[in-house]
Amino acid sequence: MKAARGLMMMGLLCFGLNGFSQTAKPITKSVMDNGKAVYLSRCLACHQVDGGGVPRLNAPLDGASAVIAADKAKLIRIVLKGYSDRVEIDGEYYSNNMAPHADLNNQQIADVLTYIRNSWSNKASAVTAAEVKALRAKLK
Amino acid sequence: MRKNISFCLLALGLSFTTFSANAGDSTKLASKPILPDADNAGLKLPVGFGALKVADSVGRARHIAITDQGTIYVKLSRLVNGKGIVVLRDNDGDGRTEDKGAFGDFGGTGIAISGKWLYASSDQEVYRYALTPDGSLVNPMSPQKIVTGLINRRQHESKSIALDGKGNIYVNIGAFSNSCQEKDRQKGSMGMMPCPVLDSAGGIWKFDAEKSNQSYGDGKRYATGLRNVVGLDWNKQNNQLFVMQHGRDQLHDLFPDLYDQKTNAEKPAETMYAIKEGSNAGWPYVYYDPELKQKIVAPEYGGDGKKVSMDPAFQDPAIAFPAHMAPNALLFYTGNQFPAKYKNGAFVAFHGSWNRAPLPQEGYFVAFVPFENGKPTGQWEIFANGFAGAEVVTSTRVAQHRPCGLAQGPDGSLYVSDDSKGTIYRIMYNGK
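Protein sequences, first through last, are from chains Y and D.
For the first sequence, counting from 1, position 36 maps to 36 in the working numbering; every step adds exactly one.
Quick note, the working numbering runs 1000 ahead of the 1-based positions in the second sequence.
Here chain D stands alone, though its shape is the one from the complex:
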């Protein structure tokens, strides 16, 4: 017993040292060019890129948004000292923020800037705050409640948001279920037909970005058959919404006769969809198999692990990724700082898997997906890696940092938030 206690103390001591080592480098001189951290904030990046920690330990940093002046707004999933949004400013121009404030009495995930407004979501509502011309808030104490009463049954509870700049806001309402089984996550339990979850969740809802107190009756189910979308972004080239779906879990646990552990680790794909009004990605009836490159009938709905779905209602993904990596943010890069190949391509923040056990976990990186003519080229690559701080992640808790949000700064830098240790990273191109 006593041994355990001292072991705990030792572990605590160690994590303290790591913290203070990180906090040391925020005292560069003003007006110098912004320099990356000597170790690139612990990240592995393509040649010519560097990274710095803009801030550390801000709380459970989910999504982030940045104003034209470079002020960073961070949405926290859990309140810190009663506040759910952190605002960070770099007053001396060294790239590290030394001014930190907080407001908002709700935890959540979504945050976005559109025109003169900052939008932020709890797990059942969406609010907006008016921005001043210098990127501060007119009144942080009294936001306007835009949307209310959205389903929150804890599972897939994040309400991520994106705006089209034409007066509409798109809100993800995740399915409060893994695969719409009669008994959620129970071995062998079959799927409900039709799946009742889809009436109020498992899709993207569209609301007016300006009206107060809208709920289901005022909005429109814009896309359905999406199990859980945490990362979504409006593509300005195509004028189209793109979303990243978290694929279903536990094929092996629930149907061990059809899926062994290795198959479970590798299926189904994480998928990106180009959404049109009325899009249906097929959850819970089908999943996308990254090896067979087909929509496969889910075992809860009569599938045998191979049966291909012929249902024309279900849309194919724009691109598929390996299983379970948990895409938590999507960002179309429109800046000019990075080399030309990045322009109008997509960055995806993969939070990292848990469903691949006993195989090692994967993800915990930011990927880049090149686009041509508004479509993915079919390739993708790891852009920023090393967040986990371990070569092999044997268990999810081993990962030190977990990428969760993405934002583009006014100078074209890419910002990444981490909801594990609350680190905000800035990635810059300094090559020639």
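One chain only, chain Y, in its complex shape:
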């Protein structure tokens, strides 16, 4: 029993690591610092210092399934276009309007998204300026 569980855990662990190493370039401190600076000036009020959001008003980013998901385009779109779809997010609805932040440059958007994907309890691959650039062109 015990051994089986251990094996399973190892499996899980390996799977996690594998998932990472496919895209993983190590995320540099300067990317995180830049991302944090954008976060503090643009996102903090609503999403709070701990990424916890505000119950029923502003969605949390910490632990949010969409924030750590593989679909980075969705996150880029949210920052470029804003978000007030009022869809159910991890079982809850949020009533505030998130405005677009399209005036941020590609690098700033990439860094802030990398920051929220790798802060608090979150861990996920980085977003690049090239990915933001490509989507911005498509959305125009």
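It should be emphasised that the hints constitute simulated quantities derived from the structure, not laboratory data.
Nothing here was measured: the structure is a model prediction, and the numbers come from that model.
Positions of the beta carbon are idealized from the N, C-alpha and C atoms, including for glycine.
Any given hint could turn out to be false.
[Stated by the list, open to error] Among the chain D residues that face chain Y by a calculated CB cut under 10 Å, a handful are: (1) Ser1077; (2) Arg1153; (3) Glu1157; (4) Lys1166; (5) Phe1176; (6) Ser1177; (7) Ser1189; (8) His1252; (9) Asp1253; (10) Trp1354; (11) Arg1356; (12) Arg1402.
Got chain Y sorted already, so can you dock chain D onto it with the hints?
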């Protein structure tokens, strides 16, 4: 990854323990005097007051109303098992309710009793239910729809209600906008002139408390320029409506050149208004600055953070409070249980802020505002604190309980509802 999962489980485990610890004390013997909880339900109160948890985990308890028999009706913002109003009864007289029912298929905030009727609102309608002489409902399945078709664009969606006892009901219709910018909450976006939101929201509408199916055309815009009012009450001494406005958000985010983060945390004030028919509190054109004690022109409308509004159309608040604390309930105390200073004064439930980040959040308490001759004296004090369960609230989600509704029991006890954990508190005076 695995680490995260076990951390989550641990957190869940912890919150379960807290719950069951709270649920333990509802088995006192009947006919004894009602005793406060040993820890006063976790609240800090003035000397001579005690508190107990009447009920716990009832759902997202917004406003509450209590009949002359002590039956408690709780409006939930989100349905629990398909029901949006909870009814609580204490059958054995220990102050803790053991009988719980539910009805109503709509979520919302407003609930009030006037005469033989229980009124309750969804985010676009107002209903009423006939009460029996013992405070039950004649027919919980078929309420009369009084008001319908009110704007609900999710933002500031609560339709809070108050009645004047003379056949009228006052309904708040919150603005579906922060400050009437062309693009809501977008940095630097300017205000629309005139603000179109005010045609159908951003004010108090008056309706007949008895007629069915009224909408905008049947009611009257009674007061305007009110961004969002969640707490309002009819003052029987003055025969006048008083309201608590939620001040605007995000001065720093939207106009960083004019407001730094500290200024953002402290402006604008949360404000109480004494309403007359036709009152205009000035939203979105002005906000009230708690330090300058002036109405200041909003940056969306040409303000620079200091420019005082000279517009005579806009009313001054009756009293101002620190910024962003989110006043969600207002109650004039008319009971005889509390010491004389409380009589005819106002209690205000502050739900607690989120707009003060990165500074610590504030509020999460019930304040008392003394009144003399129908006016606030200008002072206010914290009456019940400790709902958050943390000395410093660094992020809104840290707060365990958030005061949202207030009601006065038949014996003069003050009841407070919490829409975070669904706790109903009862505060009593037992001093001499």
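Just to be careful: measuring from the Cβ of D:Lys1166 to every Cβ in chain Y, is the smallest value less than 10 Å? 34 Å, violated
Have a go at the D:Trp1354 hint: is there a Cβ in chain Y nearer than 10 Å to its own Cβ? 4 Å, holds
With chain Y as the partner, please determine if D:Ser1189 meets the hint condition of a C-beta pair closer than 10 Å. This interface hint holds because 8 Å falls under the 10 Å limit.
Given D:His1252 as an interface hint, is the shortest Cβ-Cβ distance to chain Y below 10 Å? 8 Å, holds
Does D:Glu1157 hold up as a contact with chain Y if the rule is Cβ-Cβ below 10 Å? 6 Å, holds
For the hint on D:Arg1356, does the least C-beta distance to chain Y fall short of 10 Å? 9 Å, holds
Do the numbers back the hint for D:Phe1176, that is, is its least Cβ distance to chain Y under 10 Å? Holds - the Cβ of D:Phe1176 comes within 10 Å of chain Y, reaching about 9 Å at its closest.
At a threshold of 10 Å, is the proposed contact between D:Ser1077 and chain Y supported by beta-carbon distances? With a closest approach of 8 Å, the D:Ser1077 hint holds.
Hint check, D:Ser1177 versus chain Y [nearest Cβ-Cβ separation less than 10 Å]: This hint holds: D:Ser1177 lies near chain Y, its Cβ roughly 8 Å from the closest one there, short of 10 Å.
Return the status of the interface hint for D:Arg1402: holds when the least beta-carbon distance to chain Y is below 10 Å, violated otherwise. Holds - the Cβ of D:Arg1402 comes within 10 Å of chain Y, reaching about 8 Å at its closest.
Taking the closest Cβ pair, is D:Arg1153 under 10 Å from chain Y? 9 Å, holds
Next item in the hint list is D:Asp1253. Is there a CB on chain Y closer than 10 Å to its CB? Given a least distance of 5 Å, the restraint on D:Asp1253 holds.
Hint 4 from the list above is the single one not met by this structure.
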